[in-house]
Amino acid sequence: MNRGLDLFFKSKFRKTEKKMNFYNNLESFIFAYELGSFSKAAKRLNITQAAVSLHIKNLEVYLGERLFERNAKCIIPTQTAKKLFTLISEPFDKIRGVIDNFSKYTNSMRGEIHISCINEFAENLLIKTIGVCLEHGIKLKVNYISNDSMIINDLQDNTIDFGITSVKYDNPNLEFIKLFDDELVFVGTERWEKYLDKTSEAAFNKSLKSMRWLVYEDAMPFIKRYAELALDISPNAIDPSLTFVDVMGLIRSVRNGYGVACLPKSYILPYLEDKSIAQLHYPQTAPRYTLYLVYRAKSLLHKRMNFFKDAATKTVPCTSYENT
58 MNRGLDLFFK
68 SKFRKTEKKM
78 NFYNNLESFI
88 FAYELGSFSK
98 AAKRLNITQA
108 AVSLHIKNLE
118 VYLGERLFER
128 NAKCIIPTQT
138 AKKLFTLISE
148 PFDKIRGVID
158 NFSKYTNSMR
168 GEIHISCINE
178 FAENLLIKTI
188 GVCLEHGIKL
198 KVNYISNDSM
208 IINDLQDNTI
218 DFGITSVKYD
228 NPNLEFIKLF
238 DDELVFVGTE
248 RWEKYLDKTS
258 EAAFNKSLKS
268 MRWLVYEDAM
278 PFIKRYAELA
288 LDISPNAIDP
298 SLTFVDVMGL
308 IRSVRNGYGV
318 ACLPKSYILP
328 YLEDKSIAQL
338 HYPQTAPRYT
348 LYLVYRAKSL
358 LHKRMNFFKD
368 AATKTVPCTS
378 YENT
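Using our numbering, you'd call the opening residue of the sequence shown number 58 and step up by one each time.
It is possible that some hints are incorrect.
[As the list claims (entries may be wrong)] Dumping the calculated DSBU-like pairs for lysine-lysine here, alpha-carbon to alpha-carbon at most 30 Å: (1) K322 / K251; (2) K225 / K281; (3) K196 / K140; (4) K366 / K235; (5) K322 / K263; (6) K97 / K140; (7) K97 / K139; (8) K198 / K130; (9) K322 / K255; (10) K130 / K97; (11) K235 / K225; (12) K371 / K225; (13) K281 / K332; (14) K151 / K114; (15) K151 / K198; (16) K185 / K281; (17) K360 / K151.
Bear in mind the hints are in silico, worked out from the structure with no lab data behind them.
Note that the structure is a prediction, hence the values are computed from the model and not measured.
The whole structure should be built from the sequences, with the hints applied where relevant.
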C-alpha cells in the first residue's frame, strides 16, 4: 500500500515538475523578448544566462522552430517568436498577476530584492535597512550605477526592483519617495578662509578658482549642485585636486586642512559646532541635495517589496549625522 502511494506521488510530482519547467521556459522567453537580451532576462529572473539560453533552447526543440537570431549586440525575435509572444503574453501576465496577488496574502518574505543606487553615499543610507531586511530573511543585491537615467531605464525594463536617484522624474508608472534631503555647505578650515577675497563679487569668483578643491566622486554631485545654484562660476571651472568616493574620507580630508569642499550639512554639523571647520560662504538660498527611493507602482504587490519600502523610509532619516 505504501509503495503504491509512493509511486503515485512520484508520478504526480514528475508531472508537476514538467509543468513548472515549461512555465520556466516560457518565463525566460517572455523576459528575453521584452528586454531584448538573455543577460538582462537572467538578471531579472535571478538565474544564469546559461539557464535562460537552455530554457529558450527547450522551447525551440518543443516547437521545432527557431525563436531568436543572435548577434554580438542583441537578440532579434523571429516571426515564430513574435507569434508566440502575441499568443502567450496576456495570459502569462494574468498568471503572474495571480502569483503576485497571492504573495501578499502569505507570510513568506522569501525572495531577493535588486536595488541600484546613484552613488556610494546613497548606498550607505541603506545600511540600517539592509540589516532589518536580512533579519527577516530577505536577500538583497545592491548595485551602483552612476547615472539616474540608467536606473530609471532598468526599473522600466524590470531588471531591478528599487532605485535611489538624485532626480525626480514625471512618470505616472513610477513612485518617488524623498529619502534624503539636506542643505549643502561650502566648508574648509580657517586656513582656506583667508584665501577667499570678498572685496567684490568678481574678486570672490576669481579666488574660488584658485582654491584647492576636494570633491566627492568623479560626477561631483555636491559641488556641481552648489556651484550651479549658489556660485557665479561654472562647475567645469573647478579642477579638483582630490577626488574621494568615500564621504567620510572627504570629511576627514577637509578637517585636516587639505582643501575646501561642499558637503551635506548634517554630516559635518559637529565639526561646524566645534569650529574645527568653517562655513566659507552663506548664500541667500542654500542649495540642497536630495535623493529619492523610486519603484514601479505595481511592484509593491509583493510583501517583501512593501517591507523594504517601509523599512527604508523609517530607518533613513532625511537628515541625520547617524548615517555617517
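Hints, one by one, checked against the model:
Our distance criterion of 30 Å between C-alpha atoms is met by K322 and K251, whose separation comes to about 22 Å. At roughly 17 Å between alpha-carbon atoms, K225 and K281 fall within 30 Å of each other, so this suggested pair holds. With a C-alpha separation of about 36 Å, the suggested pair K196 and K140 falls outside the 30 Å cut-off, and the hint is violated. In summary, the hint linking K366 to K235 is supported, as the alpha carbons are separated by about 12 Å, within the 30 Å threshold.
The straight-line distance between the Cα atoms of K322 and K263 is roughly 25 Å, inside the 30 Å bound, and the hint therefore holds. Our distance criterion of 30 Å between C-alpha atoms is met by K97 and K140, whose separation comes to about 22 Å. Restraint check for K97 and K139: satisfied, since their Cα atoms lie roughly 19 Å apart, inside the 30 Å limit. In summary, the hint linking K198 to K130 is supported, as the alpha carbons are separated by about 26 Å, within the 30 Å threshold.
About 23 Å separates the Cα atoms of K322 and K255, which keeps this hinted pair within 30 Å; it holds. A distance of roughly 12 Å separates the Cα atoms of K130 and K97; the hinted pair therefore holds under the 30 Å criterion. For a cut-off of 30 Å, the pair hint linking K235 to K225 stands: about 9 Å separates their Cα positions. Restraint check for K371 and K225: satisfied, since their Cα atoms lie roughly 20 Å apart, inside the 30 Å limit.
For the suggested pair K281 and K332, the alpha carbons sit about 25 Å apart, so the restraint of at most 30 Å is met. At roughly 25 Å between alpha-carbon atoms, K151 and K114 fall within 30 Å of each other, so this suggested pair holds. Restraint check for K151 and K198: the C-alpha separation of about 27 Å stays at or below 30 Å, so the hint holds. Between K185 and K281, the direct Cα distance comes to roughly 28 Å. Compliance with the 30 Å bound is thereby established for this hinted pair.
A C-alpha spacing of about 19 Å is found between K360 and K151, which places the hinted pair at or below 30 Å, so the restraint holds.
Checked against the numbered hints given earlier, this structure breaks only hint 3.
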